[in-house]
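Participant: Now for the letters of each chain:
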Amino acid sequence: MSPRYERPVIVRHALGGADKFGAANAVRPMRDFEGVSIAELVAAHGSPLFLFSERLLRQRVRELRSQLSRRFDDFVVAWSYKTNYLGAICEVMHQEGSWAEVVSGMELEKALGAGVPGARILFNGPAKSAGDLEVAFRTGVHVHVDHLDELEFAERVAERLGLRPQVGLRVHIGDLPVQQWDRFGFTLDNGSADQAVRRLLRRGVLELTALHCHIGTFVLDPAAYRHEARALARFLRRLEREHGVRIDSLDLGGGFASHNTLHQQYLPGEELTPSLGQYVEQLADGLDEGLEGAPPPRIVLETGRAMVDDAAILVATVLANKRLADGRRGVVLDAGVNILPTAWWYRHDVFPAQEPRGLAEPTVFFGPLCMNIDVVREALMFAPLEAGERVVIGHVGAYNVTQWMQFITLRPNVVLVSERGEHAVIRRAETVATLLQQEEVPPWLRR
Amino acid sequence: MSSDSSRLRQLAVSESGFVFDPLTGHTFTVNAAGLAVLAGLKAGLDVDAIAVGLGASFEVEGGEDVRRDVDDFVLRLREHGLVK
Ligand SMILES: Cc1ncc(COP(=O)(O)O)c(C=O)c1O
Numbered sequence: 001m002s003p004r005y006e007r008p009v010i011v012r013h014a015l016g017g018a019d020k021f022g023a024a025n026a027v028r029p030m031r032d033f034e035g036v037s038i039a040e041l042v043a044a045h046g047s048p049l050f051l052f053s054e055r056l057l058r059q060r061v062r063e064l065r066s067q068l069s070r071r072f073d074d075f076v077v078a079w080s081y082k083t084n085y086l087g088a089i090c091e092v093m094h095q096e097g098s099w100a101e102v103v104s105g106m107e108l109e110k111a112l113g114a115g116v117p118g119a120r121i122l123f124n125g126p127a128k129s130a131g132d133l134e135v136a137f138r139t140g141v142h143v144h145v146d147h148l149d150e151l152e153f154a155e156r157v158a159e160r161l162g163l164r165p166q167v168g169l170r171v172h173i174g175d176l177p178v179q180q181w182d183r184f185g186f187t188l189d190n191g192s193a194d195q196a197v198r199r200l201l202r203r204g205v206l207e208l209t210a211l212h213c214h215i216g217t218f219v220l221d222p223a224a225y226r227h228e229a230r231a232l233a234r235f236l237r238r239l240e241r242e243h244g245v246r247i248d249s250l251d252l253g254g255g256f257a258s259h260n261t262l263h264q265q266y267l268p269g270e271e272l273t274p275s276l277g278q279y280v281e282q283l284a285d286g287l288d289e290g291l292e293g294a295p296p297p298r299i300v301l302e303t304g305r306a307m308v309d310d311a312a313i314l315v316a317t318v319l320a321n322k323r324l325a326d327g328r329r330g331v332v333l334d335a336g337v338n339i340l341p342t343a344w345w346y347r348h349d350v351f352p353a354q355e356p357r358g359l360a361e362p363t364v365f366f367g368p369l370c371m372n373i374d375v376v377r378e379a380l381m382f383a384p385l386e387a388g389e390r391v392v393i394g395h396v397g398a399y400n401v402t403q404w405m406q407f408i409t410l411r412p413n414v415v416l417v418s419e420r421g422e423h424a425v426i427r428r429a430e431t432v433a434t435l436l437q438q439e440e441v442p443p444w445l446r447r
Numbered sequence: 001m002s003s004d005s006s007r008l009r010q011l012a013v014s015e016s017g018f019v020f021d022p023l024t025g026h027t028f029t030v031n032a033a034g035l036a037v038l039a040g041l042k043a044g045l046d047v048d049a050i051a052v053g054l055g056a057s058f059e060v061e062g063g064e065d066v067r068r069d070v071d072d073f074v075l076r077l078r079e080h081g082l083v084k
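In the order they appear, the protein sequences are chains Y and W.
Going left to right, the first sequence walks through residues 1 to 447 as our numbering numbers them.
Going left to right, the second sequence walks through residues 1 to 84 as our numbering numbers them.
Hints were generated in silico from the structure; no laboratory data involved.
Hints may contain errors.
[What the hints assert, rightly or not] Computed beta-carbon distance windows for the label pairs:
1) Y:Ser418 with W:Phe18: 42 to 52 Å
2) W:Phe18 with Y:Asn372: 29 to 39 Å
3) W:Gln10 with Y:Arg4: 23 to 33 Å
4) W:Gly25 with Y:Gln278: 39 to 49 Å
5) Y:Ser129 with W:Glu79: 55 to 65 Å
6) Y:Glu389 with W:Ser6: 33 to 43 Å
7) W:Glu79 with Y:Ala44: 40 to 50 Å
8) Y:Gln403 with W:Glu79: 33 to 43 Å
9) W:Ala56 with Y:Ile373: 42 to 52 Å
10) W:Glu79 with Y:Ser192: 56 to 66 Å
11) Y:Gly97 with W:Glu64: 53 to 63 Å
12) W:Asp71 with Y:Arg446: 51 to 61 Å
13) Y:Ile373 with W:Ser57: 38 to 48 Å
14) Y:Arg4 with W:Ala49: 18 to 28 Å
[What the hints assert, rightly or not] Computed cross-link-like contacts, EDC-like style, restricted to lysine to aspartate or glutamate with a CA-CA straight-line distance of at most 20 Å:
15) Y:Lys322 with W:Glu64
16) Y:Lys322 with W:Asp72
17) W:Lys84 with W:Asp71
18) W:Lys84 with W:Asp48
19) Y:Lys322 with Y:Glu378
20) W:Lys84 with Y:Asp326
[Said to hold, decoys possible] To list a few chain Y residues with every Cβ distance to chain W over 10 Å, as calculated:
21) Glu152
22) Leu262
23) Asp288
Computed from a predicted model, the values in this text were never measured in an experiment.
In this text, a Cβ means the ideal position worked out from N, Cα and C, and glycines have one as well.
Could you build the full structure based on these sequences and the hints that come with them?
Facilitator: And the structure:
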């Protein structure tokens with residue numbers, strides 16, 4: 001019998017090993033997820049399909065807690081809701097002892113609605129309404145004040161309620177080896193943090209008990225946390241010295257990197273991303289340096305991405321192959337940046353979901369949108385794919401199912417797979433009926 | 001489409017699909033079908049004849065457009081400077 005036909009392909013060898021196509025990791029197929037066959041999961045739940053591993057989620061939180069417990073007696077891990085606020089994901093996080101970190105009235109309502117006690121909720125963000133603050137103060141939520149106007153709103157709300165809530169201040173530290181997030185909080189270096197403290201103490205309506213800082217996201221240099229912790233600890237001591245204020249909680253925010261690879265990054269995330277232990281070491285060292293023997297406050301982290309990103313994959317189906325003007329092969333998938341906005345940040349790993357056949361060649365993966373920007377993955381060495389075959393996109397757990405958009409298509413099922421291989425939909429796929437439910441046609445247009 | 005096979009004849013092509021271009025020092029890999037197309041081009045066959053040959057030596061399932069694939073492949077060769 002003659003060999004099976006496969007399109008003629010020629011591939012030029014690049015110099016050196018790891019090139020921008022990431023040739024090394026492109027070939028291993030991923031046929032199952034948590035011991036369940038991907039074909040079976042797609043047959044049950046459709047394509048595209050987000051799959052979350054309960055085991056990996058729990059494992060990451062436990063790893064972070066175990067690293068923290070080596071250096072701290074009193075610490076809190078808070079689940080950054082915006083990273084992924086599906087109820088089932090939050091439930092896993094809360095079962096693992098995580099508090100909730102919310103940044104909007106909607107997230108606050110979601111956390112309270114899920115039964116998280118206010119005392120285990122941290123409320124950040126630059127846009128808290130008077131209504132949000134009222135709910136927060138009534139339920140004992142920890143509010144981190146972002147700016148002076150908000151300080152004033154918070155005082156007014158507290159006065160109206162006749163309460164004296166404990167609050168934190170978000171501060172911003174200049175001079176860190178990361179891209180600056182200076183839009184948020186009171187700047188330490190120019191005195192505006194001091195000004196806010198003085199004002200808060202003078203009015204005496206709120207009680208200052210916490211400091212908060214979030215230095216950025218996907219921070220690849222763990223030393224940034226050493227600087228952050230040291231600066232916060234020094235500020236804490238100065239507040240004690242100068243104002244007699246006792247700060248009992250230091251919240252260092254989120255920002256640890258997942259094992260994804262940024263577009264501008266040369267080495268793959270699997271090699272470059274620091275371990276959770278490395279981050280914790282650095283921040284604990286910085287804290288020691290800043291405290292100089294003073295008793296340590298409670299340490300809070302709001303780690304998002306690094307907890308959930310690596311615990312999920314997106315399965316997509318090949319719709320078509322096309323040849324691009326520059327000679328590369330284009331593969332059109334049923335999943336695009338509409339449901340995978342992180343493709344704008346990352347060079348996501350893409351694996352075949354079946355045994356690859358034939359010679360790999362430079363391939364670009366597109367989504368189904370009629371837009372130039374709908375590129376799921378640029379430049380990857382990939383074996384031929386037939387329409388109907390599947391690919392797996394890795395590390396998709398963070399921010400996608402909160403930032404996705406419903407454009408042209410409908411958002412697909414999101415499924416959680418348990419350690420025992422059970423699988424259940426945790427967010428149902430949308431239908432046209434879902435959309436129509438939100439719409440109205442005004443009476444004068446009705447026929 | 002006929003292509004200038006003199007350039008192709010300079011290439012060192014191994015049976016396993018390893019291709020060396022002595023003019024540029026570039027190396028390539030081709031798959032079995034690509035190897036067959038290279039051989040056809042070297043022998044001066046046109047694209048139609050090569051496509052028929054491929055159909056005979058490989059098991060082609062319905063739906064695959066071999067002729068289009070060969071055109072496509074020749075285009076790649078041109079981009080790599082292996083045919084004019
Ligand atoms: C205040 C705050 N905390 C925590 C996070 C979570 O960050 P990450 O997902 O990078 O850990 C964010 C995200 O930007 C944030 O703004």
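Participant: Does each hint fit the structure? Answer for all of them.
Facilitator: Checked hints:
1. Between Y:Ser418 and W:Phe18 the C-beta distance comes to about 48 Å, which sits within the given range of 42 to 52 Å.
2. At about 37 Å, the CB distance of W:Phe18 to Y:Asn372 agrees with the hint of 29 to 39 Å.
3. The beta-carbon spacing between W:Gln10 and Y:Arg4, approximately 31 Å, falls within the hinted interval of 23 to 33 Å.
4. Checked against the given bound of 39 to 49 Å, the beta carbons of W:Gly25 and Y:Gln278, roughly 42 Å apart, stay inside it.
5. Taken as a hint, the range 55 to 65 Å holds for the pair Y:Ser129 and W:Glu79, whose Cβ atoms sit roughly 58 Å apart.
6. Our hint of 33 to 43 Å for Y:Glu389 and W:Ser6 holds, since their Cβ atoms are close to 40 Å apart.
7. Range check, W:Glu79 to Y:Ala44: Cβ separation about 44 Å, and the 40 to 50 Å hint holds.
8. Taken as a hint, the range 33 to 43 Å holds for the pair Y:Gln403 and W:Glu79, whose Cβ atoms sit roughly 38 Å apart.
9. Under the hint 42 to 52 Å, the C-beta atoms of W:Ala56 and Y:Ile373, about 44 Å apart, fit the expected range.
10. A C-beta distance of roughly 58 Å is found between W:Glu79 and Y:Ser192, which places it inside the suggested range of 56 to 66 Å.
11. In this structure, Y:Gly97 and W:Glu64 meet the distance hint of 53 to 63 Å, their C-beta atoms being roughly 56 Å apart.
12. At roughly 55 Å, the beta-carbon separation of W:Asp71 and Y:Arg446 lies within the given 51 to 61 Å, and the hint holds.
13. Checked against the hint of 38 to 48 Å, the pair Y:Ile373 and W:Ser57 passes, with Cβ atoms roughly 43 Å apart.
14. Look at Y:Arg4 against W:Ala49: about 22 Å separates their beta carbons, and that is inside 18 to 28 Å.
15. Proximity of Y:Lys322 to W:Glu64 is assessed by CA-CA distance (about 14 Å); at most 20 Å being required, the pair is judged to hold.
16. The hinted pair formed by Y:Lys322 and W:Asp72 meets the criterion: a straight-line CA distance of about 11 Å does not exceed 20 Å.
17. About 14 Å separates the Cα atoms of W:Lys84 and W:Asp71, which keeps this hinted pair within 20 Å; it holds.
18. Pair hint W:Lys84 plus W:Asp48 holds up; C-alpha atoms about 19 Å apart against a cutoff of 20 Å.
19. Distance hint between Y:Lys322 and Y:Glu378 is fulfilled; the C-alpha atoms sit about 14 Å from each other, no more than 20 Å.
20. The hinted pair formed by W:Lys84 and Y:Asp326 meets the criterion: a straight-line CA distance of about 17 Å does not exceed 20 Å.
21. The claim that Y:Glu152 is not at the interface with chain W holds, since no C-beta of that chain comes within 10 Å of its own (minimum 65 Å).
22. Under the 10 Å C-beta cut-off, the non-interface status given to Y:Leu262 relative to chain W holds; the minimum distance is some 30 Å.
23. No beta-carbon of chain W is positioned within 10 Å of the beta-carbon of Y:Asp288; the least distance is around 55 Å.
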